[in-house]
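Peer 1: If you read the sequences in order, they're chains A and B. Under the working numbering, think of the first position of the first sequence as 3, with each following residue one higher. Under the working numbering, think of the first position of the second sequence as 85, with each following residue one higher.
It should be emphasised that the hints constitute simulated quantities derived from the structure, not laboratory data. Honestly, I wouldn't trust all of these hints.
SDA-like cross-link-like pairs, simulated, lysine to any residue; straight-line CA separation at most 20 Å [unchecked claim]:
| no. | chain 1 | residue 1 | chain 2 | residue 2 |
| --- | --- | --- | --- | --- |
| 1 | B | Lys176 | B | Ala388 |
| 2 | B | Lys176 | A | Phe116 |
| 3 | B | Lys176 | B | Thr91 |
| 4 | A | Lys178 | A | Tyr167 |
| 5 | A | Lys178 | A | Leu275 |
| 6 | A | Lys178 | A | Glu281 |
| 7 | B | Lys176 | A | Tyr349 |
| 8 | B | Lys176 | B | Leu197 |
| 9 | A | Lys178 | A | Arg193 |
| 10 | A | Lys178 | B | Phe92 |
| 11 | B | Lys356 | A | Leu275 |
| 12 | A | Lys178 | A | Ala117 |
| 13 | A | Lys178 | B | Ser361 |
| 14 | B | Lys176 | A | Leu114 |
| 15 | B | Lys356 | B | Val374 |
| 16 | B | Lys356 | A | Trp111 |
| 17 | B | Lys356 | A | Gly175 |
| 18 | A | Lys178 | B | Ile359 |
| 19 | B | Lys356 | B | Ile90 |
| 20 | A | Lys178 | B | Glu362 |
| 21 | B | Lys176 | A | Glu281 |
| 22 | B | Lys176 | A | Gln151 |
| 23 | B | Lys176 | A | Pro176 |
| 24 | B | Lys356 | B | Met366 |
| 25 | A | Lys178 | A | Arg225 |
| 26 | A | Lys178 | A | Ala237 |
| 27 | A | Lys178 | A | Phe116 |
| 28 | B | Lys176 | A | Ala192 |
| 29 | B | Lys356 | B | Gly97 |
| 30 | B | Lys176 | B | Asp273 |
| 31 | B | Lys176 | B | Arg255 |
| 32 | A | Lys178 | A | Pro198 |
| 33 | A | Lys178 | B | Leu364 |
| 34 | A | Lys178 | A | Arg278 |
| 35 | B | Lys176 | A | Phe351 |
| 36 | B | Lys356 | A | Phe171 |
| 37 | B | Lys356 | B | Ala163 |
| 38 | B | Lys356 | A | Ala192 |
| 39 | B | Lys356 | B | Lys176 |
| 40 | B | Lys176 | B | Leu253 |
Chain residues, written in single-letter form:
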Amino acid sequence: MTTREQVVVLRRSIDWRALWQNIYQAVLSVALSLLIGAVLLAVSGQNPLVAYRSLWSGAFSSVDRFTETLVQATPLLLIAISVSISFRCQIWNIGAEGQMILGGIASIWIALTFAGLPPAILLPLSFIGGALAGALWSLIAGLLKAYAQANEVITTSMLNYIAVYLLAFLVHGPMKDPAGFNFPQSPLIARALELPRLVAGTRLNLSFVIVLLIVVAALLYWRTTLGLRTEIVGASRRVARQIGLSVALTIAVVSAISGALAGVAGWGEMFGLHFRLIEEFARGLGSLGIVVALLGELHPIGMLVAAFLFGSLVVGGNAMERNAGVPFALVDVIQGCIILLVLARGYIFKSRRSTR
Amino acid sequence: MNVELITFPFIVGLLAASVRLAVPILFAALGETFTERAGILNLGLEGIMLMGALAGFVGAYLTGNLWLGVALAMLTGTAMGLLMGFMSVTAKVNQVVAGLGITILGAGLSTLLFRQFFGLRSTPPTIEMFLTQPIPGLSRIPVLGEMFFNHNILVYLALILVPVAWVVLYRTRFGLALRAVGERPDAVDTRGLSVDRLRYLSLIIGGALAGLGGAFLPLASLGLFWTQITAGRGFIAVAVVVFARWDPVRALWGALLFGGAMALQLSLQTLKLPIPSELLLMLPYIITIVVLVVVSRRAEFPGAFAVPYTRGEK
Chain A
3 MTTREQVVVL RRSIDWRALW QNIYQAVLSV ALSLLIGAVL LAVSGQNPLV AYRSLWSGAF
63 SSVDRFTETL VQATPLLLIA ISVSISFRCQ IWNIGAEGQM ILGGIASIWI ALTFAGLPPA
123 ILLPLSFIGG ALAGALWSLI AGLLKAYAQA NEVITTSMLN YIAVYLLAFL VHGPMKDPAG
183 FNFPQSPLIA RALELPRLVA GTRLNLSFVI VLLIVVAALL YWRTTLGLRT EIVGASRRVA
243 RQIGLSVALT IAVVSAISGA LAGVAGWGEM FGLHFRLIEE FARGLGSLGI VVALLGELHP
303 IGMLVAAFLF GSLVVGGNAM ERNAGVPFAL VDVIQGCIIL LVLARGYIFK SRRSTR
Chain B
85 MNVELITFPF IVGLLAASVR LAVPILFAAL GETFTERAGI LNLGLEGIML MGALAGFVGA
145 YLTGNLWLGV ALAMLTGTAM GLLMGFMSVT AKVNQVVAGL GITILGAGLS TLLFRQFFGL
205 RSTPPTIEMF LTQPIPGLSR IPVLGEMFFN HNILVYLALI LVPVAWVVLY RTRFGLALRA
265 VGERPDAVDT RGLSVDRLRY LSLIIGGALA GLGGAFLPLA SLGLFWTQIT AGRGFIAVAV
325 VVFARWDPVR ALWGALLFGG AMALQLSLQT LKLPIPSELL LMLPYIITIV VLVVVSRRAE
385 FPGAFAVPYT RGEK
């Protein structure tokens, strides 16, 4: 069954058998990917058991570690929701990283430039600014796809590189902290603007709750007219045209929504974690978010579970690099394997159900 | 700004650098031309180039023989191309997402293997690179000699591959079958040729050449390997193929355009212009988008582009 058909099924009723099969195959894909990682480690002379034990304890061994897993899951989940809306419309937007960077830049710029405003106004303003900047950055590729047929995979990946250099330019130049000992970073935002912590002494903050609210919003999105429109254009451009929908307009709107969500992810990282612009705050989160979206079958609840899994992989992977000396790149390899296995699962796991 | 630095030799040097910087993109774009002509979009090119770069570097480092590095890079590229073949031809999955998966896998695997081979070092391992071999006589031609005939052997190989690819694509039975598979796979199937086999072959060619393109960076341009060394060249190569409308000769011009953008960016930095280097570094990526927009309206994609083929389907 293709994703498109699944979208239609999800709207009708829950097909428990298909759902069970999806979960079972997703778990199998993850397990197989971990196995491939273990073989790679064993071949290059490291003990995979030590590495994975270090990974596990890095992610779950204490309340502190566990909250850190949730901290990492936060932007991943938001980016996954962002790309899932595009993907369901058959827009292969891989530009979440760039959109997130623009969101971070705009929200910090607002917080620093209008520092005189009361926090109750400035914080929502920075949120809106971050969302808008992400939306506009995404809209570049969206409009180019809608009206000039420019392949969005290429434009969004190019826009990612441009955003990375833009951020580097800003933190080395115009937005550099004058009192920052020449470090490439912006000044800190006011303390009053920092998002409150959910658990004292950890980094888990309000942005986690906001993302959970966005998950609910995403569930509702697919019940709105716009959600249905997104699905129809995704299922068939031809059918959409025949029933009088503007395909180009839908592509533009969906791109903007996706970009806004990625922009909010940038805002959350800024106001919840870093409190200032730093280089590479978004590094790798874009592609990781896409993996989360695919593993979660582009469904908000599925992505919630997948984001948690990958949050733990990232936190555990960092601990593994620190404690067991295993490169973090192992986690990237596992990610790549998961994408390919999840995609080809119908073929590899010989589904009994017919695929077409 | 040091205007007096903009001399005739400076400009000739810029043009020669454009050719050299175009070569990795050209290799990958020529291979992708075959792949896309057969109806497959391989967006895994970036990951394949990274794996090629790693394999080329490791091969040359371990054996001390640059040609073994080239061979290992092409073999690795072939293996990655076969993986894309499994995904797109056999398992018939969405090619965009499969390509993305291969790119992520290639990026992770090349970094991981590099770390496992060399560990963490204060000074990165280096290799001796292919030497510049001026072609006697031809390299003396003003401007053109410096541009095209004063390079290392891999550059010549890339330039020779352009007409070779053209002949294979337009003047051989294999090329005809390949083009037909991209337009009307059902027709090719009816004639008794294997659609799957032709598409796998196109991915082997594409993978091997992308591996070679990636290996050019450590073996003939930088002498080093680092994470993400290809910096988006795989994606740029895909853009070049669309720009070239699936023609090897136009792919050369496309690759030269991007090589030119990269060379310009580098030489503008040496001129100490009052433009920050970060903004100059954006140049090739901005040009890619602009060019893609200009050509995409006219582009006529192969009829069965990115559509898996199953016998009996309409």
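Peer 1: Hint by hint, say whether it matches the structure.
Peer 2: Hints versus structure:
For the given pair, lysine 176 of chain B sits about 13 Å from alanine 388 of chain B by alpha-carbon distance, which is consistent with the 20 Å threshold. Under the criterion of a C-alpha separation no larger than 20 Å, the hint pairing lysine 176 of chain B with phenylalanine 116 of chain A is inconsistent with the structure, at around 53 Å. About 55 Å separates the Cα atoms of lysine 176 of chain B and threonine 91 of chain B, which puts this hinted pair outside 20 Å; it is violated. For the hint linking lysine 178 of chain A to tyrosine 167 of chain A, the alpha-carbon distance of about 14 Å falls within 20 Å, and the restraint holds.
A hinted pair counts as satisfied when its Cα atoms are at most 20 Å apart, and lysine 178 of chain A with leucine 275 of chain A qualifies at roughly 19 Å. Annotation: proposed proximity of lysine 178 of chain A to glutamate 281 of chain A holds, straight-line Cα distance about 11 Å (limit 20 Å). Taken as a hint, the lysine 176 of chain B and tyrosine 349 of chain A pair is honoured in the structure, with Cα atoms around 9 Å apart against an allowance of 20 Å. Using a Cα cut-off of 20 Å, the hinted pair lysine 176 of chain B and leucine 197 of chain B is violated, with the two alpha carbons roughly 29 Å apart.
The straight-line distance between the Cα atoms of lysine 178 of chain A and arginine 193 of chain A is roughly 19 Å, inside the 20 Å bound, and the hint therefore holds. With a C-alpha separation of about 38 Å, the suggested pairing of lysine 178 of chain A with phenylalanine 92 of chain B is violated against the 20 Å cut-off. Simply put, lysine 356 of chain B and leucine 275 of chain A have alpha-carbon atoms about 37 Å apart, too far for the 20 Å limit, and the pair is violated. Between lysine 178 of chain A and alanine 117 of chain A the CA atoms are separated by roughly 16 Å; this keeps the pair inside 20 Å, and the hint holds.
Restraint check for lysine 178 of chain A and serine 361 of chain B: satisfied, since their Cα atoms lie roughly 16 Å apart, inside the 20 Å limit. Proposed proximity of lysine 176 of chain B and leucine 114 of chain A is contradicted: the alpha carbons are some 50 Å apart, above 20 Å. Between the alpha carbons of lysine 356 of chain B and valine 374 of chain B the distance comes to roughly 26 Å, so the proposed pair goes past 20 Å and is violated. With a C-alpha separation of about 28 Å, the suggested pairing of lysine 356 of chain B with tryptophan 111 of chain A is violated against the 20 Å cut-off.
For a cut-off of 20 Å, the pair hint linking lysine 356 of chain B to glycine 175 of chain A stands: about 16 Å separates their Cα positions. Of the supplied pair hints, the one linking lysine 178 of chain A and isoleucine 359 of chain B holds, its CA atoms being roughly 17 Å apart against a limit of 20 Å. For the proposed pair lysine 356 of chain B and isoleucine 90 of chain B, the alpha carbon gap of about 12 Å is at most 20 Å, so the pair holds. Distance hint between lysine 178 of chain A and glutamate 362 of chain B is fulfilled; the C-alpha atoms sit about 14 Å from each other, no more than 20 Å.
The suggested pairing of lysine 176 of chain B with glutamate 281 of chain A is violated, with an alpha-carbon distance near 39 Å, which exceeds 20 Å. At roughly 24 Å between alpha-carbon atoms, lysine 176 of chain B and glutamine 151 of chain A are farther apart than 20 Å, so this suggested pair is violated. Between lysine 176 of chain B and proline 176 of chain A the CA atoms are separated by roughly 49 Å; this puts the pair beyond 20 Å, and the hint is violated. Taken as a hint, the lysine 356 of chain B and methionine 366 of chain B pair is honoured in the structure, with Cα atoms around 17 Å apart against an allowance of 20 Å.
Using a Cα cut-off of 20 Å, the hinted pair lysine 178 of chain A and arginine 225 of chain A is violated, with the two alpha carbons roughly 45 Å apart. With a C-alpha separation of about 46 Å, the suggested pairing of lysine 178 of chain A with alanine 237 of chain A is violated against the 20 Å cut-off. As the CA atoms of lysine 178 of chain A and phenylalanine 116 of chain A are separated by approximately 17 Å, the hinted pair is consistent with the 20 Å bound. For the hint linking lysine 176 of chain B to alanine 192 of chain A, the alpha-carbon distance of about 53 Å lies beyond 20 Å, and the restraint is violated.
Among the hinted pairs, lysine 356 of chain B with glycine 97 of chain B is consistent with the structure: their alpha-carbon atoms are about 17 Å apart, no more than 20 Å. The hinted pair formed by lysine 176 of chain B and aspartate 273 of chain B meets the criterion: a straight-line CA distance of about 17 Å does not exceed 20 Å. Between the alpha carbons of lysine 176 of chain B and arginine 255 of chain B the distance comes to roughly 30 Å, so the proposed pair goes past 20 Å and is violated. Distance hint between lysine 178 of chain A and proline 198 of chain A is unfulfilled; the C-alpha atoms sit about 26 Å from each other, more than 20 Å.
A C-alpha spacing of about 19 Å is found between lysine 178 of chain A and leucine 364 of chain B, which places the hinted pair at or below 20 Å, so the restraint holds. For the hint pairing lysine 178 of chain A with arginine 278 of chain A, the CA-to-CA distance comes to about 10 Å; that is within 20 Å, so the pair holds. The hinted pair formed by lysine 176 of chain B and phenylalanine 351 of chain A meets the criterion: a straight-line CA distance of about 14 Å does not exceed 20 Å. Using a Cα cut-off of 20 Å, the hinted pair lysine 356 of chain B and phenylalanine 171 of chain A holds, with the two alpha carbons roughly 16 Å apart.
For the suggested pair lysine 356 of chain B and alanine 163 of chain B, the alpha carbons sit about 44 Å apart, so the restraint of at most 20 Å is broken. Between lysine 356 of chain B and alanine 192 of chain A, the direct Cα distance comes to roughly 37 Å. Violation of the 20 Å bound is thereby established for this hinted pair. Between the alpha carbons of lysine 356 of chain B and lysine 176 of chain B the distance comes to roughly 51 Å, so the proposed pair goes past 20 Å and is violated. Between the alpha carbons of lysine 176 of chain B and leucine 253 of chain B the distance comes to roughly 25 Å, so the proposed pair goes past 20 Å and is violated.
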